[in-house]
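Asks: Spelled out, the chains give:
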Amino acid sequence: MASAKKQALQLARQLFKLSLVDGNVSAPQVAGVLEYIERHRPANTLAVLKCYQRLVAAEVARGQAVVEHAGPIGANLLASIAEGMTQKYRRNVTSVARRNDALLAGLRVRVGDDVYESSVSGQLASLAAAV
Amino acid sequence: MSTVLEQIEQQIAKLSSKAIKKNTGIIRTVADGVAKIEGLSEVMYNEMVQFSGGAIGIALNLEEDEVGCVVLGDISQLKEGDEVQTTGRLLSVPVGRALLGRAVDALGNPVDGKGPIAATESYPVEKIAPGIIVRKSVSQPLFTGIMAIDSMIPIGRGQRELIIGDRGTGKTTIAIDTIINQAKINKVGLASGDKNFRPVYSIYVAVGQKNSNIVRTMAALEAAGALEYSIIVAAPAADNPANQYLAPYSGAAMGEWFMENGMDALIVYDDLSKHAVAYRQISLILKRPSGREAYPGDVFYLHSRLLERSARLDGKGSLTALPIIETLAGDVSAYIPTNVISITDGQIFLETDLFNQGIRPAVSVGLSVSRVGSAAQIKATKQVGGKLKGELAQFRELAAFAQFGSDLDAKTKAQLERGARIVELFKQPAFSPVPIELQVAILFGMQKGVFDPIDVRKVVVAAQSMKDFFTTRKDPLLTEIRTKAALDKDLEAKLQTAMDEWKASFAG
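Chains as they are written, first to last, in this note's numbering: chain A, 1 to 131; chain B, 1 to 508.
Keep in mind the hints are simulated off the structure, nothing from the lab. No experiment lies behind these values; they were computed from the predicted model shown. By construction, the Cβ of each residue, glycine as well, lies at the ideal position given by its N, Cα and C atoms. Be careful, since some hints might not be right.
Selected chain B positions facing chain A (Cβ under 8 Å, derived; list incomplete) [unchecked claim]: (1) Ala-19; (2) Ile-20; (3) Lys-21; (4) Lys-22; (5) Asn-23; (6) Thr-24; (7) Gly-25; (8) Gly-39; (9) Leu-40; (10) Ser-41.
From just these sequences and the hints, can you work out the full model?
Replies: Given below as structure tokens:
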């Protein structure tokens, strides 16, 4: 059981590497990989696909800055965040806006695993933790 | 003035608008006290992570696309998909004098119901052991108050002496006796006003024990007035394995504070067999490859990095360790016992047979050793007990041969008689350590043959009578032995006179 899972993960990793072009996920490559899986039906296909999806999603998240905001946000600000993150991570990072009223005010930017917290709710939470 | 205020306001504005960076992950699975987390790409080994419910964890397994964390605290609140974030800190526990007299858990939280602990400092639980340059050789004695140990297997400050034996052979009792003796010495030393006196503070780490046993130990320490100089770190059997794994390291951190601040401390790990079992449980859940007896490959490192933290530091204090190992059917060649024997500076081996024969403490003289040797003994003990170990070993050998026949020469008979009396003399009830000066007096009597005419069955009574005689009537002499720490001709003469006096009173 454990080795089947391991094999699925190994295959997913190999397929994931094939999906990258210049370090970024390429849509045509992903389509090619899916076609290959469809055609060859490897053992434990579902597990392979789940692992593959997780790896691709994590990689896509690394190239996208999700900007959560409570108030209005301008296109200029989104563009400057994308530019700043591109410089910081030395890779092409795009930005998308997502409204989140729970923040009260300010922004929260998520790029991959990293979260940049500059919201009122975040500050209140850290204040509560400190008290 | 207004410009100054503006400057401060600007500074506050700068700070409050600064974005805080966090590295996060998502819980994928939680089982048996271990969480598998996706993300946390910047987490470091042994780093503390924060779960969304307030629980904390330690990152132990850093894999390609997931992190294995042991969860400390309430695991029932955690669920798949919860966010976890790194803290950039190592797990720390409160340290300092404020912990004395208290019982805490593996994270340093009080568990004795005596309210919060006002500790101002904290030390990381995991710390690299002191290197060779800062260490000093072990040369100052740490008296256990147990005659058989102080005279034949002496322990020094900064030493690691293993207490090993089957269950129910008195391992914990030896450790508790030692803690009680430190408290007694501390009280006398601090009351004397001697500026050179260095008290020894004790830390008792209970791993995988029943809560009732821990309470009993606490009660014994309290009854003996030793709790005020002691800290109890409790990770009972009902605690999760992560806490049982951490407790010895937390205790070591608390002990290190005393050592680093120029004080002496004693730490008892009761016991490391259960600690290894807790670590094996965590490792198996983390799917680490298992080796001999299903222990992970780094089980030696688990104990070596812990025990190496005990040392005597140059210009600072010391941390003496008394790890305890429980054997099965006296098998000292099992995996964990051999590991810990090889790490420590000697072992006190307790035999079930001796215990059942009524020889308590059941110290096996042949298998017990202190690699520090007489360097950790005062001169007076060396003078009166230097040959004891050899005499006792010879007695055991002769006693085995004597079983085959009754025709023995006078010299052999005398050796057997003397040996039997030494064995009786070393019998000592639990929780009643004997001060070193009294030990010297009794061993002086043994050396001078004071017990030879007394029937073997009455030696214990005679020894008790001698103890009472010296403590009630010869206190100045005992004080002189304690302060001089060596027997000169004058002192020997005084001791001889006192012995004659006692003999007359005991015979009468």
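Asks: Look at each hint and say if it fits the structure.
Replies: Hint by hint, here is what the structure shows:
1. Ala-19: Hint holds; Ala-19 (chain B) Cβ to chain A Cβ min 4 Å, cut 8 Å.
2. Ile-20: Given a least distance of 5 Å, the restraint on Ile-20 (chain B) holds.
3. Lys-21: holds (6 Å)
4. Lys-22: At 5 Å from the nearest chain A Cβ, Lys-22 (chain B) passes the 8 Å test, so the hint holds.
5. Asn-23: holds (5 Å)
6. Thr-24: holds (5 Å)
7. Gly-25: holds (6 Å)
8. Gly-39: holds (4 Å)
9. Leu-40: Given a least distance of 6 Å, the restraint on Leu-40 (chain B) holds.
10. Ser-41: holds (5 Å)
Checked against the numbered hints listed earlier, the structure breaks none of them; every hint is satisfied.
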